[in-house]
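Dock chain A against chain D, hints included.
As a plain string of letters, each chain reads:
There are 2 protein chains.
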Amino acid sequence: MTGHSPIANRKSQIENRILLAHGGGGELTRQLLAERIVPKLSNALLAPLTDSALLDLPSGRICLTTDAYVVQPVEFPGGDIGRLAVCGTVNDLAVCGARPHALSLALVLEEGLELALLDRVIDSIAAAAKEAGVVVATGDTKVVERQRGDGLTITTAGVGPLREGVQLGMERVRAGDVILVTGRIAEHGLAVMSAREGLKFSTAIRSDVAPLVSLIESMLAAGGAGVKFLRDPTRGGLACVLADLAEGAKLAVEVEESAVPISAAVLHTAEMLGLDPLTIANEGKCVAVVASDAADAVLAACRSHPLGACAAIIGRLVESPVPLVELITRIGGRRIVQRPYGEELPRIC
Amino acid sequence: MTGHSPIANRKSQIENRILLAHGGGGELTRQLLAERIVPKLSNALLAPLTDSALLDLPSGRICLTTDAYVVQPVEFPGGDIGRLAVCGTVNDLAVCGARPHALSLALVLEEGLELALLDRVIDSIAAAAKEAGVVVATGDTKVVERQRGDGLTITTAGVGPLREGVQLGMERVRAGDVILVTGRIAEHGLAVMSAREGLKFSTAIRSDVAPLVSLIESMLAAGGAGVKFLRDPTRGGLACVLADLAEGAKLAVEVEESAVPISAAVLHTAEMLGLDPLTIANEGKCVAVVASDAADAVLAACRSHPLGACAAIIGRLVESPVPLVELITRIGGRRIVQRPYGEELPRIC
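Protein chains in written order, with our numbering: chain D, 69 to 417; chain A, 69 to 417.
If we strip away everything but chain D, and leave its shape as in the complex, we get:
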């Protein structure tokens, strides 16, 4: 009966949660890492737990990227903050033409965080890293006082060598190039929002969070130098990538609204909420600018990959005195698409 006494219950509540002392760098920190984190992420680089990991990279140019993840809630339909952190970082490397090699993982935990939640997130990190073909090579864990943090935030950095012969950059984009997106848009942002707000109507919407490494590898293999620019449309959505593209290439972007892949559930939910799907975050999609003569090959490569089945060519770049993004609407009208000003959906990644 002891297990049910108030004192035992209180004890078990404390034992199942993160304490400030877990972040002190002492014995409890060592235990937390050795028992709950390192074994799950196990690999030869991480095991020594030294101050930094030693990577054997082929000589050449190396890409480095970082992202901080503050998504709320940390678990949502289709994923969680751990999967998001791994995928976001490998995707940033992949769209630059790099082969993701290793990640660093920094956790900031709030005192009182349930250890069971931490366990699930670490499991998810391990699974996503395996899926993406990378290792977590080094990390850091800090704890902040109750109500001074926000449950769990994760910052990952990633490194990987640039693939040989790949040249990606906005400066290679020309009028006549086509714009391709690898699948249905706006799923991640709406999935997180529905989880946060407890919106029942959109339970069918799941985050698209996924590592794009192998999809991008297929696209580059199919399109060669015809693939000129890649970007994953996360915060700010497709609208932000297209605005960057127009400005960077000093061209106009024309997009056919009817060509943009989007599920009926997402379209209707966004409409009901008064949100523009073009500005909603994606975490498993890639926008590509491709020379027109390579477009069919790249599209075919996408469609034969599980993550690119709904890929579509959505528009093109055209000469223009003003670098604008124009959406040709379903009824044939034209509207200017702007970079969203601020935060329509905060804390989405």
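Calculated from the structure, these hints are not laboratory results. A couple of the hints might just be wrong.
Note: identical chains are not told apart, hence a pair may lie in one copy or across any two.
Claimed, not checked - Straight-line alpha carbon distances no greater than 20 Å define the calculated SDA-like cross-link-like pairs of lysine to any residue that follow:
#1 Lys318 - Glu239
#2 Lys318 - Arg98
#3 Lys318 - Ser388
#4 Lys318 - Ala102
#5 Lys318 - Gly146
The structure presented is a predicted model; accordingly, all values stated were derived computationally and were not measured.
Same frame as chain D, but now just chain A:
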């Protein structure tokens, strides 16, 4: 007179602070980066603001490290969270024998953070990076709602190539090797604590936060292969490094209390607070294990460097059936030094 009206005051209060929309990935995010962050950290790698930075590293082995910084307050005597983040990361690379090359910088800002404070921290990051000889190559900025964050947290990752011919590792440590510390201990932890608690008695104590790159370069040049192991005694202090060393090398560590460099102010403050200086964090010190025949040369190299003027040999490694750390006290007694259990001084880095 308009400038003094309540509405104008309220407006200026809002304008001088971080808004949620600064983290949305849209126009305000772009402005924040373009106006307040990128120009100060200006370098060729960061300027393109792509998803990842392209580094030209010499071929060979690359070190990768990361740290999350949650220090409170973010400004303290002798430094701030920005200087701490840069120094902590370059020092983690340096003690592994790497030449720090580039950093990533992820900021998590709390809504309402004063822009003036952000400006000071970014200035401090720029200055510390210059001092350490590294560039901030890539970054990310997120904003969390008021009271869901803690002002400003920073996560940095760092990469750098391993110096040629350097072999550092606990497995090279042998009985007879000596232990050296590059200066006075426990200054960072006490400086932060005094700033946090408003303790007037210790205004003389300033954080030692500094980049150790050039000091470690001098030590390696002087000691060659005789330098076997380096570690910066941050969270957990000297006690934690010595405990790791005893366990890792399966030897006993003997330290002479009277040989450990410490200022009178630190010693007395720690005593008054009932804290053991051996467990208090440092951010500009290095512990080295050196072959006895290289000890004089390494000590001399330290002492001729501005950051190593108070360097001292504090102990040695001896054969023992039990891997313990023993402190030989000023009066000739012996006490076992343990890895601190949890958090004596929380949020110190």
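Comparing the hints with the structure gives:
1. Taking identical chains as interchangeable, the C-alpha atoms of lysine 318 and glutamate 239 lie at most 20 Å apart only when both belong to the same chain, with a minimum of 10 Å there against 57 Å between chains.
2. Proximity of lysine 318 to arginine 98 under the C-alpha cut-off of 20 Å is restricted to the inter-copy arrangement: shortest distance 18 Å between copies versus 53 Å within a copy.
3. Only within a single protomer do lysine 318 and serine 388 lie at most 20 Å apart by alpha-carbon distance; the minimum there is 8 Å, versus 71 Å between protomers.
4. Taking the closest pair of Cα atoms, lysine 318 and alanine 102 come within 20 Å of each other only across two copies (19 Å); inside a single copy the shortest separation is 52 Å, beyond that limit.
5. For the homomeric pair lysine 318 and glycine 146, neither the shortest alpha-carbon distance inside one copy (37 Å) nor that between copies (47 Å) is at most 20 Å.
Hint 5 from the earlier list is the only one contradicted by this structure; the remaining hints agree with it.
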